[in-house]
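Student: Sequence:
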Amino acid sequence: MLRQFLLAIPFIDGGAGSTVEFMSGTRPIPMDRVDFTVAHALAGQYLGMKLIYLEAGSGAKQPVSSALIEAVKNVIDVPLIIGGGIKTPEVAEKAVRAGASIIVTGTIIENDLNLTKELADAVHWRK
8 MLRQFLLAIP FIDGGAGSTV EFMSGTRPIP MDRVDFTVAH ALAGQYLGMK
58 LIYLEAGSGA KQPVSSALIE AVKNVIDVPL IIGGGIKTPE VAEKAVRAGA
108 SIIVTGTIIE NDLNLTKELA DAVHWRK
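First residue of the sequence shown: 8, per this note's numbering; consecutive thereafter.
Derived by calculation from the structure, the hints in this document are not laboratory data. Hints are not guaranteed to be accurate.
[What the hints assert, rightly or not] Result set (DSSO-like, lysine-lysine): computed pairs, CA atoms no more than 27 angstroms apart in a straight line:
no.	residue 1	residue 2
1	124	94
2	94	80
3	80	101
4	57	80
5	57	101
6	101	124
7	94	68
8	68	101
9	124	68
10	80	68
[Claimed, not checked] Distance ranges between label pairs, derived from CB positions:
no.	residue 1	residue 2	range
11	33	111	17 to 25 angstroms
12	82	124	29 to 37 angstroms
13	55	119	34 to 42 angstroms
14	120	54	34 to 42 angstroms
Nothing here was measured: the structure is a model prediction, and the numbers come from that model. Each residue gets a CB set at the ideal place from its N, CA and C atoms; glycine is no exception.
Construct all of the structure, not just a fragment, from the sequences and the given hints.
Tutor: Take a look at the structure:
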């Protein structure tokens, strides 16, 4: 019963304080601590999580790095979702090329709805 309510989202320090940090009373995992993030993601998978979501925070000054995305993707077998700090279609494409299965955006679309097609084109390509 408890399992249906479990949710683990590694929050990566994107350079801006966030609501997640405030509400949860937790500190984000430093972006340069790839080992911590990889271990956290792998633990989530071992606990039965069906996906891993690395979140840099809404309005993050920097997105989750490509190196971090790649490192996590190399050790997990479940989909990898990346969010926070994705401010351009180019950043979104970079995240997908590094291994993101799904990207989460908000501010980019809220600020310029006309970027929707460009953003979709940037992430829907074939390897």
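Student: Each hint: holds or not?
Tutor: The hints, checked one at a time:
1. 124 with 94: holds (14 angstroms)
2. 94 with 80: Between residue 94 and residue 80 the Cα gap is close to 22 angstroms, so the pair holds against 27 angstroms.
3. 80 with 101: holds (14 angstroms)
4. 57 with 80: With a Cα-Cα distance of about 14 angstroms, the restraint between residue 57 and residue 80 holds, given a limit of 27 angstroms.
5. 57 with 101: Cα-Cα ~23 angstroms, so holds.
6. 101 with 124: holds (17 angstroms)
7. 94 with 68: holds (9 angstroms)
8. 68 with 101: Roughly 16 angstroms separates the two Cα atoms, so the pair holds.
9. 124 with 68: Between residue 124 and residue 68 the Cα gap is close to 23 angstroms, so the pair holds against 27 angstroms.
10. 80 with 68: Holds, at about 23 angstroms.
11. 33 with 111: 17 to 25 angstroms: With Cβ atoms ~19 angstroms apart, the hint holds.
12. 82 with 124: 29 to 37 angstroms: For residue 82 and residue 124 the Cβ distance comes to about 34 angstroms; the hint holds.
13. 55 with 119: 34 to 42 angstroms: holds (39 angstroms)
14. 120 with 54: 34 to 42 angstroms: holds (38 angstroms)
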